[in-house]
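Heads up: the protein sequence lines correspond to chains A and B, in order. If you're matching positions, the first sequence starts at 1 in this note's numbering and goes up one per residue. If you're matching positions, the second sequence starts at 1001 in this note's numbering and goes up one per residue.
Certain hints may be false.
Some chain A residues close to chain B (C-beta under 7 angstroms, calculated; not the full set) [said to hold, decoys possible]:
| id | residue |
| --- | --- |
| 1 | Phe64 |
| 2 | Trp98 |
| 3 | Trp252 |
Calculated directly from the structure, the hints in this document are not laboratory data. These numbers were taken from a predicted model, which means no experiment stands behind them. Where is the CB? At the ideal position from N, CA and C, for every residue including glycine.
Here's the letter readout for the chains.
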Amino acid sequence: MNAGGQAATPLLELVGLGHRFGRSEDDPPVLDNLSLRVDHGEIVCLIGRSGSGKSTVLGIVAGFLTPERGRCLLAGAPVTGSGPDRCVVFQEDALFPWLTVRENIGFGLRGTAWPRAVISHEVDRFLALVGLEAYADYLPRALSGGMKQRVALARVLVRAPRILLMDEPFGALDPHTREEMQELLVRLAGQHGQTVLFVTHDVAEAVSLADRVLMLDGQSGRIGRELAMDLARPRNRTDREFHRSCALLQGWLRP
Amino acid sequence: MNGRALLPVLLPIAVLAAWTALSSSGLAPAYLLPGPEAVFEAGVRYVFGAPGQGPYAGRFLTDLMASLGRVFAGFGLAALFGIPLGLCSGRVVTVNRLFSSTIGGLRAVPGICWLPLALIWFGIGFRTTVFLVALAAFFPIYQNALTGARSVAPIYYQAGAMLGVSRLRGVFAILLPLAMPNLLTGLRLGMGISWAYLVLGELTGVPDGLGAVIMDARMLGQTDMILVGILLIALVGRLCDRLLVGLLRVCSKSARRLG
């Protein structure tokens, strides 16, 4: 999946990030001199125990948070504010409740200069990609948790973000639905060469999705360990290699 | 018609029956409580009669238009200031700090207290009534707009921003739709209060208007016309409420789907 090998500029590069939530200098930093890179077309999973700052990293990349120190570079250019080149699928339901599935997916295209017909065609295409054609005119409140996250995924993919940011998006789903969504994500990311930064605390999820797994160490506030996942796709959860990788990551997370 | 469908009309029928019994038995003399048929006749004369058939015959349309004009002008002013100010206060802490204590203090003043001052400033008539209506309707509209704006979770703004929605467009694309259920509540409360203060403004001696008819009828001892006025105000007030809800539902997806 790694498109450029040792290409000159990675798609995403975080250099020496430092961030704390309290205002005083005595508050312990959440992130301290954290650096990481994500290459074009890569699926990188960021794991860590809760409170380790995974979501903070994602918030900084998305532009929701401004880091106190360090740089966040997208294809070499510093990130300022949020924008459709870096879209997030949130853990909680963040669909617009007064818009139908179709309108939610088309929401990000309304402000563009695209002709109506093109927008409508794109929305239809992504409705089909996430398998929700039959639910196009439903309101979010009528959908199950898994369907909502399908809409959330389609809503950002339709904007063709350079990097897709996912903040434990399947954490609230039942195990079966979660696996379905993971397969869907891997398939769609593969088709589109989509770069993904995926935050999770579920090691099995990381092993089934990732090209590379980074462990964020809550103690030091930076990336503690890294694992390249070269398991062939599609990955089989009953496979011995799969289990060994899970066990390895689980060991990292143990205190 | 089954029992469930009958339930809501049970109480009005009982009241009507009691009213009929009370007036026809002579327990309540006609100058205190005229019977339903007398009130009905007065109402028909007032609404459909030709001028000259009686003291109030055929005046309804003129009075209605006068009252509607005052209500809409006052309510419109209240919404014009209340919605933007409320939304701003709900969104921007600085704006809220600037206005909250002043508006809270003004709200503590009963609306009726403004009447003498309004009479001095504006004299009897249109402007006094509009002033009272606008002032009274402002507070529920402002307060509910504020609550609505404040209840919008930040995640929706984040979702909007990442999808390329500018701050300005976010006001119309995200803030307004999500605050709409509260806005609708505030506007309906404001509309209800508008009718209350309309009557207050018209009791001061303006020549036309539904409230003026009530006061005028009192001086002439026409109790039936007072009751006609009350019933018509209740009816028109209710129609205005439905109109307001209908209008917002037509204009806003959010009012249609979340309201």
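Comparing the hints with the structure gives:
Given hint, Phe64 of chain A at the interface with chain B, holds; its Cβ is 5 angstroms from that chain's nearest Cβ, closer than 7 angstroms. A cut of 7 angstroms between beta carbons decides the hint on Trp98 of chain A: the least distance to chain B is about 4 angstroms, and the hint holds. Among the interface hints, the one on Trp252 of chain A is violated; its C-beta lies about 30 angstroms from the nearest C-beta in chain B, farther than the 7 angstroms criterion.
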